[in-house]
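Asks: So the protein sequences, as listed, match chains A and G.
Counting in my numbering, the first sequence runs from 1 upward without gaps.
Counting in my numbering, the second sequence runs from 1 upward without gaps.
Don't take every hint at face value.
Here are the computed distance ranges between Cβ atoms for each label pair [said to hold, decoys possible]: (1) Val-63(A) x Arg-94(G): 12 to 22 Å; (2) Thr-55(A) x Glu-63(G): 32 to 42 Å; (3) Arg-204(A) x Pro-130(G): 25 to 35 Å.
These stretches of chain G come out as covered by chain A in the derived footprint (C-beta under 8 Å, 3 or more residues) [unchecked claim]: (4) 16-22; (5) 35-47; (6) 86-93.
No lab work stands behind these hints: they were computed from the structure.
Note that beta-carbon positions come from the ideal geometry of N, C-alpha and C, so glycine has one too.
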Amino acid sequence: MEEGTLPLQAPAGAIAGRGAAAPQTAEFEIVPRAGLPIVAIVVVLLIVAVAVNNTWPLMFLHVVAGASWTIIDLFLGFVLGPILGSLSLPARTELTTKLMPKMVLIMPTAVAVTLAAGWQLSSKLGDNLTSFQHHGWIVASMIVVGVMAVIALGLLEPANIAVLTELKKPRPKPEVIERLMKRFIYAAGATGLMQIATLVIMTRLATA
Amino acid sequence: MSEEHRLPPVTQLGMLSLSLIGAAVIYLAAHLPKHVSLTPAIALLAASAAVLAVNVVSLWRSEGFAWGRFLYIARWALVAYAIIAGLIEYVFLRNSTSGGPLIVLTLSLVVFALNVPVLIAFTVARYDDPAADNLNVSG
């Protein structure tokens, strides 16, 4: 993605494009190139873990990625979201341009690794079979993950990319950014609530 | 943003389409290793693909949409989600999924990998001014 500019310290009028003085600019990448090799390494680790099909690497990847997904959703929805809403526009813009590009890489990677390693693990252990004692919990977890995935893919991820694209424009519209950020935070809050259900299901399974 | 009112409900339809394939995959996965009828999964997949098609066609017919931005974002999103779909397909193959269920799951992944770029690209492009859609972006 391109190197772009956005007004960080400029008054709101500059962001709104109301003819204010030339804004101070900062550069950021919508997809941080520096993070791509890390994503590639994680994907390779996942492929190797699935190919080797040993319990520990699969469990490690599933737990680490799943915990990251859960914690990030909860943190964004219930801690950072309300803080972000109370910040001034320049501060919010600066935080957004530093946080959101990382989310573009972290969230899809965490979700893909959690699901792929989790499915392989459950196949290896037989937990996804109807004969499994707690199969109902497994199906419940699939439904919860399915709903979270639809919210994340339909609302959260598009809002993430769209807000960054808007911020890259010479004159970003604050009302568009506001609307997209609200959508992002509400979607993160909704998935955060569903993550609590995931935690209940996973701890039930782990202690069954 | 008055131009938004002229655009079809792409996000809502896209989420409906994703929900339908999600239901198809969960239906199949919840019955393993039993051989269950594929009919419900095929019906859900067909409905999902139909909703995706309606979504794309209705968007294609809208006037004043920033297609340059849409296609640019959709292209890169398609690359990313094709990789993710490929990873999931790899796990299915690794677990010896075969026959009808593999076909349904593979087609579900195809619909998934097409749906998400449409959703992302639409959300980005709907806020673009079509008149200024000169794609001030590069790889």
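Asks: Residue count check for the stretch 86-93 of chain G against chain A: does it reach three with CB-CB under 8 Å?
Replies: This one holds; 4 residues, not fewer than the three required, reach chain A with a Cβ under 8 Å.
Asks: Using a Cβ cutoff of 8 Å, are there at least 3 residues of the stretch 16-22 of chain G near chain A, or does the coverage claim fail?
Replies: The restraint on the stretch 16-22 of chain G holds, since 3 of its residues have a Cβ under 8 Å from chain A and three suffice.
Asks: For the stretch 35-47 of chain G, does the count of residues with a C-beta closer than 8 Å to a C-beta of chain A reach 3?
Replies: Result for this restraint: violated, n = 0.
Asks: Starting from the hint 25 to 35 Å, judge whether the C-beta atoms of Arg-204(A) and Pro-130(G) obey it.
Replies: Given a distance of about 51 Å, which is not inside 25 to 35 Å, the answer is violated.
Asks: Given the range 12 to 22 Å, decide if the beta-carbon distance of Val-63(A) to Arg-94(G) lies inside it.
Replies: Given a distance of about 20 Å, which is inside 12 to 22 Å, the answer is holds.
Asks: Does the Cβ distance between Thr-55(A) and Glu-63(G) fall inside 32 to 42 Å?
Replies: About 56 Å separates the Cβ atoms of Thr-55(A) and Glu-63(G), which means 32 to 42 Å is violated.
In summary, the structure is inconsistent with hints 2, 3, 5 from the numbered list given earlier, while agreeing with the others.
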